[in-house]
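Chemist: Same order as they appear, the protein sequences are chains A and W.
Numbering follows this note's numbering, with no gaps: position 18 of the first sequence is 18.
Numbering follows this note's numbering, with no gaps: position 48 of the second sequence is 48.
Derived from the structure by calculation, the hints contain no laboratory data.
Backbone N, C-alpha and C define an ideal beta-carbon position, used for all residues, glycine too.
It is possible that part of the hints are untrue.
Claimed, not checked - Label pairs and their in silico Cβ distance ranges:
| id | chain 1 | residue 1 | chain 2 | residue 2 | range |
| --- | --- | --- | --- | --- | --- |
| 1 | A | Gln26 | W | Val107 | 45 to 51 Å |
| 2 | W | Met78 | A | Asp174 | 43 to 49 Å |
| 3 | W | Pro108 | A | Arg110 | 30 to 36 Å |
| 4 | A | Ala172 | W | Thr13 | 40 to 46 Å |
| 5 | A | Asn240 | W | Gly149 | 28 to 34 Å |
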Amino acid sequence: MEVDAIIRIEHLSKTFAPLGKNDKEQCVLNDINLDIAKGEFHVFLGWSGCGKSTLLNIIAGFEKKSSGQIIVNGESIKGPGRERGVVFQNADAAIFPWSTVWKNVEYGLRIRRMPKPQRDEIVKRCIDLVGLNSHENKYPDELSGGMKQRVQIARSIANDSEILIMDEPFGALDAQTRRLMQNEVINIWEKTGKTILFVTHDINEAVYLGRKISIISRAPKATIIETIEVEAAYPRKLDNPRLAGIIRKIQGFFDSEYNI
Amino acid sequence: MPNVKKDIFHLLTKKGIVTLGLLLLIWQTAAMFNSPDFLPNPLQTLKGGWEIIRNGVLFNYVFISFMRIFVGWSIGIMLAIPVGLLIGQFVIVREIFEPFINFFRFVPAIGFLTLFLMWFGVEEESKIAIIVYATVFPVIINTIAGVAGISVIKLQVAQSQGASPFQIFCTVTVPASVPYIFTGVRLGLSGAIVSIVAAEMLAAQSGIGYLIYTSRLYFRTDWIFIGILTLGLSGYFSDRLLRFFGRTLLRRYGVK
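Chain A extracted, bound-state conformation (with noise of 0.2 Å):
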């Protein structure tokens, strides 16, 4: 265990209680332990349905875990927090279409009644930062996926949250802005130094980014299989012969796991 972790996970299960008679109660998430350092990107890699977005709306708040802890910055979370940013793969529900883009980053800082001169320091600072100056009085109908990903970024950025929860945000991207993405999201990590956790299904993806990839197996009872640490600068290539092992090594978990 690590001691400057600013996420831990302790014992971490989920069971969905039964739907009828018939049906048993269903185990999603069984004993989950993991430490994650202040400042990590951590990935975490799973196939579809194999409960890794579960396990992420339990750090976020929003689903109730059935047994263990979550404990962030030393205390055990209690609901959705502002430390915990969330960025939603789906974009279109998850950012307000009746205001601007200035006026979506710009959300938890208002709710907090910062004064204004503040509030639009940062707002303008985190518009920059994901390079979506210019584009400060378009609504959200006039912005690309790509665009609409950098104002969710943005918005938690603004609000101070120290830890990014990524559920597959590039998922409904073509492959050209995924990549484009992926980039600026390093690129904003590296500058800001978040704690960045990030699932996805993508293989190539979760070597692309991640410094720690944490392998979930098959749902029911998934279980992380192992976290394996990816030490290679950015911008990576994943041809380089060392993550093109580690691509290997990955896919082999995924082979067994799955009997392919």
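Starting from the known structure of chain A, fit chain W onto it as the hints suggest.
Modeler: Relative to the frame of chain A, chain W by itself:
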């Protein structure tokens, strides 16, 4: 050339001109076999209409009816939106009020006419009360649907941004419900028009409903037709106007 012909015909059907022509043709044909007291032809109706346009009666009645509608409808909206939001938001409020709503929404406004005449008098108040009643239910029911239909993700966004339940209500629930509320407001307007006509037929000395009902006594069937025409047209155009305002002022909230 045949394509041009087809295009022109399609333009005429699309703009409703063919419909209008057909209607007039059927009307004229039917009128030829009947006396003007029973069924006046379009031209006779137009002449009769010109009479009450010239002496100002028609516009006066339209104005009176629409003032009643506007006042009652506005009050109804202002009562219904907060109630709908509260019912949608709080389970306890819903459990208390939903049975009431599901009972009274099947009782038409006009069913309360005699009671309202007794309670609010024969003057304007009773008619306005009818309009309020007719407006309230569609607005409440649609507002509840709006609150229920908010995407969970929007609420989660606000939560993880640190918003309190009250802040979430004001900054997410209300704006996200706007398109539904607007639908309720439109339905409320049509309900209001239907109800005011019935109320004016039974208990008023002015208004479009009164015109339609009393013209019968003077054997002015043409005025009845004018009344019906006025009703249809003014209803149609007020809804168009309302939608125009919705589209321009509330477009950002998703009103189409």
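Chemist: Determine for every hint whether it applies to the structure shown.
Modeler: How the hints compare with the structure:
Take Gln26 of chain A and Val107 of chain W: their Cβ atoms lie about 47 Å apart, and the range 45 to 51 Å holds. Remark: the range hint 43 to 49 Å for Met78 of chain W to Asp174 of chain A is upheld by a beta-carbon distance near 47 Å. Checking the proposed 30 to 36 Å range against Pro108 of chain W and Arg110 of chain A shows it is violated: the Cβ atoms sit about 45 Å from each other. The beta-carbon spacing between Ala172 of chain A and Thr13 of chain W, approximately 41 Å, falls within the hinted interval of 40 to 46 Å.
Our hint of 28 to 34 Å for Asn240 of chain A and Gly149 of chain W is violated, since their Cβ atoms are close to 49 Å apart.
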